[in-house]
Amino acid sequence: MPELPEVETIARSLREGAQGGVSLLGCHFTSVQVSWERSLATPSIGELEHRIIGRCIVDIGRRGKFIVFSLDRDWLVFHLRMSGDLRVEPLIGDDHLIKPLGPYDRASFTFSEGVRLVFEDTRKFGRIWLVDSVDRMMSNLGPEPLDPVLTPEIFHQRLKSRHRQIKPLLMDQSFLAGLGNIYTDEALYLARVHPLRRSDSLEFPEAELLLSAIRQVLRQGIKSNGTSIDWVYKGGSFQNTLQVYQRTGESCRRCGTLIERIVVGQRGTHFCPVCQVLDPQ
DNA sequence: CATCAACCCTGAGAGC
DNA sequence: TGCTCTCAGGGTTGAT
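Going by our numbering, the first residue of the first sequence is number 111, and it counts up by one from there.
To be clear, the hints were calculated from the coordinates, so they are not data collected in a lab.
Be aware that a few hints might be false.
Unchecked claim - Derived DEER-like restraints, expressed as beta-carbon distance ranges:
{"hint": "1", "residue 1": "378", "residue 2": "135", "range": "36 to 42 Å"}
{"hint": "2", "residue 1": "163", "residue 2": "213", "range": "22 to 28 Å"}
{"hint": "3", "residue 1": "389", "residue 2": "152", "range": "43 to 49 Å"}
{"hint": "4", "residue 1": "169", "residue 2": "365", "range": "44 to 50 Å"}
{"hint": "5", "residue 1": "366", "residue 2": "326", "range": "56 to 62 Å"}
{"hint": "6", "residue 1": "284", "residue 2": "367", "range": "17 to 23 Å"}
{"hint": "7", "residue 1": "136", "residue 2": "270", "range": "42 to 48 Å"}
{"hint": "8", "residue 1": "350", "residue 2": "135", "range": "46 to 52 Å"}
{"hint": "9", "residue 1": "326", "residue 2": "377", "range": "19 to 25 Å"}
{"hint": "10", "residue 1": "145", "residue 2": "387", "range": "20 to 26 Å"}
{"hint": "11", "residue 1": "273", "residue 2": "201", "range": "26 to 32 Å"}
{"hint": "12", "residue 1": "151", "residue 2": "314", "range": "35 to 41 Å"}
{"hint": "13", "residue 1": "284", "residue 2": "347", "range": "29 to 35 Å"}
{"hint": "14", "residue 1": "205", "residue 2": "264", "range": "39 to 45 Å"}
Computed from a predicted structure; not experimentally measured.
The C-beta atom is built at its ideal place from N, Cα and C for all residues, glycine as well.
Required output: the full structure, derived from the provided sequences and hints.
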């Protein structure tokens, strides 16, 4: 389930060709294939083809959990949701034939440089967009948690301006861009904030601590190349650092109390009932 | 504005 | 062994 660190890791390897991979910078599109129509949010397949063939990739980055390809005209944007992934591979296999796509490959973009970019997505929740304004598309996204322009003062003000349970608020992408279930649970634990606390009940020092906890888990996640949980995302090692996520019934590493699991905003939520107290509500 | 439920999907794991 | 059932999970949408 890619969150900010996983998306950052994938975007980085597409851009820099990390771990033996190939950088896509400068590549030119020669064809597009979409095998599951609903993976393409916009435009139509015909228009996508028409607008993208011949375009060149100028940059590859991330905004929230979106992977953004800046082309010499338009932007190609991916959201991996639960099970999506992007991989780059040679178009031609060892048998000198064009490699067939796998059963979970939903779209493929080939380049004049002899490689292709494959969007695979087992659960079909991921989406692809080709847009002429990435700013308009992202206009509802909240601030980047790692961006220094988000000061503790501003963060505290934003928390104060709402009256919501803290966990669903942190996962609300229009409030803050990039946190998902795993890193939210971890950050709340690190900051000793109960997931059901009301956002406007946090005093400034708590908000400051929470923001720094969020940054700490995200930075550590990026350094670990993300979290490999279940069969969905592979390659990262942050799962070895998890303090509460999927540790229900195991001991808190700070106080030994058993980690509890509750449902908050329809999401499985893991916390230590002793370290993360609810009292001010 | 906040909360909740349904929906989109599939593989995995449990129960039988 | 193999079937059926339930569940997770991000984000959108619609109801309360």
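Cross-check of the supplied hints:
For the hinted restraint 36 to 42 Å between residue 378 and residue 135, the CB-CB distance of approximately 38 Å keeps it satisfied. A C-beta distance of roughly 26 Å is found between residue 163 and residue 213, which places it inside the suggested range of 22 to 28 Å. At about 47 Å, the beta-carbon gap between residue 389 and residue 152 stays in the expected band of 43 to 49 Å. Between residue 169 and residue 365 the Cβ separation comes to about 46 Å, which falls inside the hinted range of 44 to 50 Å.
Checked against the hint of 56 to 62 Å, the pair residue 366 and residue 326 fails, with Cβ atoms roughly 22 Å apart. Between residue 284 and residue 367, the C-beta spacing of about 34 Å breaks the proposed range 17 to 23 Å. With their beta carbons about 46 Å apart, residue 136 and residue 270 fall inside the hinted range of 42 to 48 Å. Remark: the range hint 46 to 52 Å for residue 350 to residue 135 is contradicted by a beta-carbon distance near 32 Å.
Between residue 326 and residue 377 the beta carbons are some 21 Å apart, a value that agrees with the proposed interval 19 to 25 Å. Between residue 145 and residue 387 the C-beta distance comes to about 50 Å, which lies outside the given range of 20 to 26 Å. Taken as a hint, the range 26 to 32 Å is violated for the pair residue 273 and residue 201, whose Cβ atoms sit roughly 53 Å apart. One distance hint, 35 to 41 Å for the beta-carbon pair residue 151 and residue 314, holds here, with the actual separation near 40 Å.
The supplied range of 29 to 35 Å is met by residue 284 and residue 347, whose beta-carbon atoms lie about 31 Å from each other. Separated by about 57 Å at the C-beta atoms, residue 205 and residue 264 break the suggested range of 39 to 45 Å.
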